[in-house]
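Number of protein chains: 2
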Amino acid sequence: MAEKGLLLVLSGPSGVGKGTVKSAIVDNKVFPFEYSVSMTTRKPRPGEVDGQDYFFVSEAQFKAAIDQGQLLEYNQYVNHYYGTPLVPVKKMLAEGKDVLLEIDVNGARKVREKMPDGVFIFLTPPDLHTLHLRLENRGTEPEDVIMGRINQARTEILVMQDYDYAVVNDTVANAVDHIKAIVDAEHVSVKRVIDTYRKMVREN
Amino acid sequence: MAEKGLLLVLSGPSGVGKGTVKSAIVDNKVFPFEYSVSMTTRKPRPGEVDGQDYFFVSEAQFKAAIDQGQLLEYNQYVNHYYGTPLVPVKKMLAEGKDVLLEIDVNGARKVREKMPDGVFIFLTPPDLHTLHLRLENRGTEPEDVIMGRINQARTEILVMQDYDYAVVNDTVANAVDHIKAIVDAEHVSVKRVIDTYRKMVREN
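Residue numbers (my numbering), protein chains in the order written: chain V, 1 to 204; chain G, 1001 to 1204.
Keep in mind that the hints are not guaranteed to be accurate.
With the Cβ distance kept under 8 Å, some of the chain G side facing chain V (calculated, not the full set) [to be verified]:
id: 1; residue: H1132
id: 2; residue: L1135
id: 3; residue: I1157
id: 4; residue: Q1161
id: 5; residue: A1181
id: 6; residue: R1198
id: 7; residue: M1200
Rather than coming from a laboratory, the hints here were simulated on the basis of the structure.
Just so you know, even glycine gets a beta-carbon here, dropped at the ideal spot from N, CA and C.
Same shape as in the complex, but just chain V (with noise of 0.2 Å):
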C-alpha cells in the first residue's frame, strides 16, 4: 500500500557536517529517495548540465519565481540566489517518492512554514551533545570557553526544537543509522497511513 512519499529535509548548525551525512545516504544507498535540483543565478561551471546539476536562470526570472511563490526556500549567497523549486517537489511527493533536501537552519525554517507534514532532522554537533561531560569536569578549561560553548548551545537549542528529531553527527555511520531508522518509522507512522485505509474502505 502505497502512502505519499516523505520530505526529508536535513539540516543543522553551520559545520556540523549535513553534506558528508547525505553523501553517506547516497553512496551507500541507505534508503531510496529522489533529488530536489535546486535553481540558481550563477553560471554553469564546466561540465554542469541545466536541469540536472541546477536549473540556470537569470536575477529576473529567479525574482519572478520568488514572487510567484515557486520556491520552497531560497537563499543569497556571493551576490547569488539559491533556491529550490516547488513544484517538483510536490510532485514527486505525490508519486509516492521520498525527498530529501539538505539545507541551511534558515532554509528549513522557510520549507516548515510551507510543507508542516515534513520531516526534520536536526544534525547536532557532537560537542552539544557532550557539553554535560565538559560542565561536569569544569577546571579543565578555561572558564571563557565554556560560557562561550554554553552560549551556543542554547542557540543551538532554541534551533532544534523546531525539529521533530535530532541526530548526533558523533560519527557519520551512527548519524546514518539513525535517519534510516527514523524514515523507517515515518512510512509506519499511523498519520501518514491511515488515509490510504480510511479510503479503502470508504469507497466501498
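Dock chain G against the given chain V, drawing on the hints supplied.
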C-alpha cells in the same frame, strides 16, 4: 545523554500475532527493554515464581489495587483478573529503561489515558493490508465474504487511529524490523531529548 525510557505498547486485534512478535523481539535481543510483571488472581502453576512470572494476589487485594489506582490497566478472563502494576513501570521509565507491554486493544486504550507519552504500536493484520487487492479483484470471492471483511476493516481502522504506528505483521521478521526502527527513531525525537539539553544549559 540518557533520556527517560520509552513505554512501548504493542497491541492489535486478537489473533494478529502480538505474542509471536514479542517473543521474536525477546529471543533475538532486538533492543534492550524491561519486562513489566503482571498482577493476577489466578493460582500459580507449578514452577511459577511470585514477583517473577506474576504477582499472585487475592481478589480482595486486586480490587484494592484497582480502587487505589495502582494498575495501569487490567482485565478479567475466565473469572480471574490480570493487570499491569503502575509503580514498577514508572520506576523503570524514570531510570531511563524502555518498558515493553504486549496487551489487547482495550488495555492499550486504558494505558493511553494514563500514559499519553507512550509509544503505541498497532500490529495490523496482513489481510487488512491486502484487502485493497481483494477489492480490486472482486468476483473471485463471494460478495458476503468481502463485505464481512470490509466491516471488520472499518472496526480495525477506528482502533488504529488512536495509535502512533501501524506495523503490518506480514512476516514476523518485517514486523520486528519496523518496531526496532520505531524504537531507534523515538529515542532521537526532539520531544523526548530536548528537556535534557535544556536542563544542561539552564543549570549553568
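Hint check:
For H1132(G), the interface hint holds, the least distance from its beta-carbon to any beta-carbon of chain V being 5 Å, beneath 8 Å. Using the Cβ-Cβ criterion of 8 Å, the hint placing L1135(G) at the interface with chain V is satisfied: the shortest such distance is roughly 6 Å. Annotation: interface hint on I1157(G) holds; nearest CB of chain V at approximately 5 Å, less than 8 Å. Against a cut-off of 8 Å between C-beta atoms, the interface hint on Q1161(G) holds, since the closest Cβ of chain V lies about 6 Å away.
Using the Cβ-Cβ criterion of 8 Å, the hint placing A1181(G) at the interface with chain V is satisfied: the shortest such distance is roughly 4 Å. Because the closest C-beta pair between R1198(G) and chain V is about 6 Å apart, less than 8 Å, the hint holds. Hint on M1200(G) holds. Least Cβ distance to chain V is approximately 5 Å, under the 8 Å limit.
Comparing the model with each earlier hint shows no violations; every hint is respected.
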